[in-house]
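Kindly generate the complete structure, drawing on both the sequences and the hints.
For the protein sequence lines, the chains are A and B, in the order given. What the first sequence shows, in the working numbering, is residues 1 to 408, in sequence order. What the second sequence shows, in the working numbering, is residues 1001 to 1121, in sequence order.
Simulated from the structure, these hints should not be mistaken for lab results. Just so you know, even glycine gets a beta-carbon here, dropped at the ideal spot from N, CA and C.
Listed next, the in silico DSBU-like pairs over lysine-lysine satisfying Cα-Cα at most 35 angstroms (straight line):
| # | chain 1 | residue 1 | chain 2 | residue 2 |
| --- | --- | --- | --- | --- |
| 1 | A | 213 | A | 153 |
| 2 | A | 164 | A | 153 |
| 3 | B | 1106 | A | 376 |
| 4 | B | 1102 | A | 33 |
Pair ranges (Cβ atoms, derived):
| # | chain 1 | residue 1 | chain 2 | residue 2 | range |
| --- | --- | --- | --- | --- | --- |
| 5 | A | 293 | B | 1101 | 31 to 39 angstroms |
| 6 | A | 70 | B | 1057 | 36 to 44 angstroms |
| 7 | A | 296 | B | 1065 | 43 to 51 angstroms |
| 8 | B | 1073 | A | 304 | 45 to 53 angstroms |
| 9 | B | 1099 | A | 103 | 34 to 42 angstroms |
| 10 | B | 1106 | A | 85 | 28 to 36 angstroms |
| 11 | B | 1099 | A | 404 | 40 to 48 angstroms |
| 12 | A | 50 | B | 1034 | 41 to 49 angstroms |
| 13 | A | 340 | B | 1034 | 48 to 56 angstroms |
| 14 | A | 236 | B | 1057 | 29 to 37 angstroms |
| 15 | A | 71 | B | 1065 | 45 to 53 angstroms |
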Amino acid sequence: MNIMNPIVSDPARETFDTRSLLAHAQQQAEDRKYEDFMIIDVDAHHYETDSYRDIWEYIEDPVMRDQFKFTKGATMMQRSTGGYQEMAGRITRYAHRRTEQAPGAVHRDIGLTRKWMDSMGVDVACIFPTPMLGLGLNPVVEVEVQYARAYNKWLTEKILSQDKRLVSMLYLPMNDPEAALKMVEEFSGCRGVIGFLITTVRYKGLYDNAYMKLYRALEERGLPLAFHAATNWGDQSMHITNRFIATHALGFSWFNIVHMTNWVVNGIPERFPGLKSIWIESGLAWIPFLMQRLDNEYMMRSSEAPTLKRLPSDYMREMFYTTQPMEMVNNQTMLQETFKMINAETQLLYSSDYPHWDMDLPSTIYDLPFLNLQQKKNILGENARKLFKLDHYISDEKQARLAARGKA
Amino acid sequence: MAEIFVCPDSEMKDGEVRIVRQGRTEVGVYRHKGAYFAYRNHCVHQGGPACEGIVKGKVVDLFAEDKTFLGQTYDHDDPHIVCPWHGWEYKLLTGECAPDPKIRLKKHEIVQRDGGVYVVV
Ligand code: FES
Chain A
1 MNIMNPIVSD
11 PARETFDTRS
21 LLAHAQQQAE
31 DRKYEDFMII
41 DVDAHHYETD
51 SYRDIWEYIE
61 DPVMRDQFKF
71 TKGATMMQRS
81 TGGYQEMAGR
91 ITRYAHRRTE
101 QAPGAVHRDI
111 GLTRKWMDSM
121 GVDVACIFPT
131 PMLGLGLNPV
141 VEVEVQYARA
151 YNKWLTEKIL
161 SQDKRLVSML
171 YLPMNDPEAA
181 LKMVEEFSGC
191 RGVIGFLITT
201 VRYKGLYDNA
211 YMKLYRALEE
221 RGLPLAFHAA
231 TNWGDQSMHI
241 TNRFIATHAL
251 GFSWFNIVHM
261 TNWVVNGIPE
271 RFPGLKSIWI
281 ESGLAWIPFL
291 MQRLDNEYMM
301 RSSEAPTLKR
311 LPSDYMREMF
321 YTTQPMEMVN
331 NQTMLQETFK
341 MINAETQLLY
351 SSDYPHWDMD
361 LPSTIYDLPF
371 LNLQQKKNIL
381 GENARKLFKL
391 DHYISDEKQA
401 RLAARGKA
Chain B
1001 MAEIFVCPDS
1011 EMKDGEVRIV
1021 RQGRTEVGVY
1031 RHKGAYFAYR
1041 NHCVHQGGPA
1051 CEGIVKGKVV
1061 DLFAEDKTFL
1071 GQTYDHDDPH
1081 IVCPWHGWEY
1091 KLLTGECAPD
1101 PKIRLKKHEI
1111 VQRDGGVYVV
1121 V
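Here's what the structure looks like:
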């Protein structure tokens, strides 16, 4: 036997660093040669809470600004989403995030985001906030409007304008349809704004006539509308679940299921055929379920959805979906069938959801045995690049790997 | 086969872990109740560093005779290695994935001699 001299470390004594935590992700990126193609992550997050004080300065209403400052942000927390994503310390990046060193030259969020992007081989990431996913539940409409505008202004000025690798679809305060429309008018065209976002934990039907001007404005501008799911433990049906696994597994699908159903049976895709929609963070298994369920009912009750000219599933197949959290269970036949049913080759967009607990690496797509290389590249980046009309871009780290290969 | 030196026998306390790296080989070495266990630092889920997370006792639901729910506790005789990426749990004593024993971390032999702890790779 040989005796070797290894590096021996004690994780308990090491300072937290995303690059170390994701060293295996980087290994995957190198082994799979991600430098050969562009990877776009369509749903990633930052913690806007870490920049609360800066964001509050952008709240226009001076009285509300004071409320935010003196309640330390609790003004926006008059709602219930709830949960313990960090699993009592098991997902270590939650507890250690605040202690991490970020490169000093750029905003901390940019520095931290670039770290995980480079580890995973992601070239461009669409970032979303985190606690704001529940802002639609706030009973005070002005709070949603004022905070959304403050966040959007802060994000475009301090983050998106500073790094061409970061883009976003901006939060729409849907409890005030006129304010949502103004948001589109004010922010479309800002650097890095590639669409707009409806968080789907909310209780106003998105078929309301008051939203039609908004949908028209987005359609005219060619900007996609994204629907980001979350859960609400205070929802009447979620209220009877007693473990986070239950409200999370159900809620993150449910809130997109209900809005998608309304979207289709009210004929919004027929009324705005040029408006592209993206359904985010509900996994994929719900889509075949809903396609079958709606098609079956539609054949019996088409009189209740008379605007439709085709089956509900035909409309759903033309929409876009993000991958995460993809159901990677021991039944790959179902997954393959799901990919077929949603035209994954053109409609599916890779998303990591990093740094949240159920994040997916690019290898979740790259390693699927039933996809060919072109299909993998489409899902990991090309579909999103076309949808958002982004330039082709390969990160500096990946360029360096390419160059090193050229020399080798 | 090769042996990699981990540490002197006296160095690791119960409940501690060391990550041993030699080239692309990464092994987590655990000490539990005086015994050593070693597993490849590679989670079966998405390839995360399974041995760089925390160790927690298995969580157990407590029921009364009549099957009413009483609460939860930890079984510290069944410690779980928790992968820090998404929380997959593996039994420290066997390497089996807690919810599905067909899935397991790759086990490595430990050799103790001359006051040193070695892992076989
Ligand atoms: S990679 Fe280990 S839990 Fe996912």
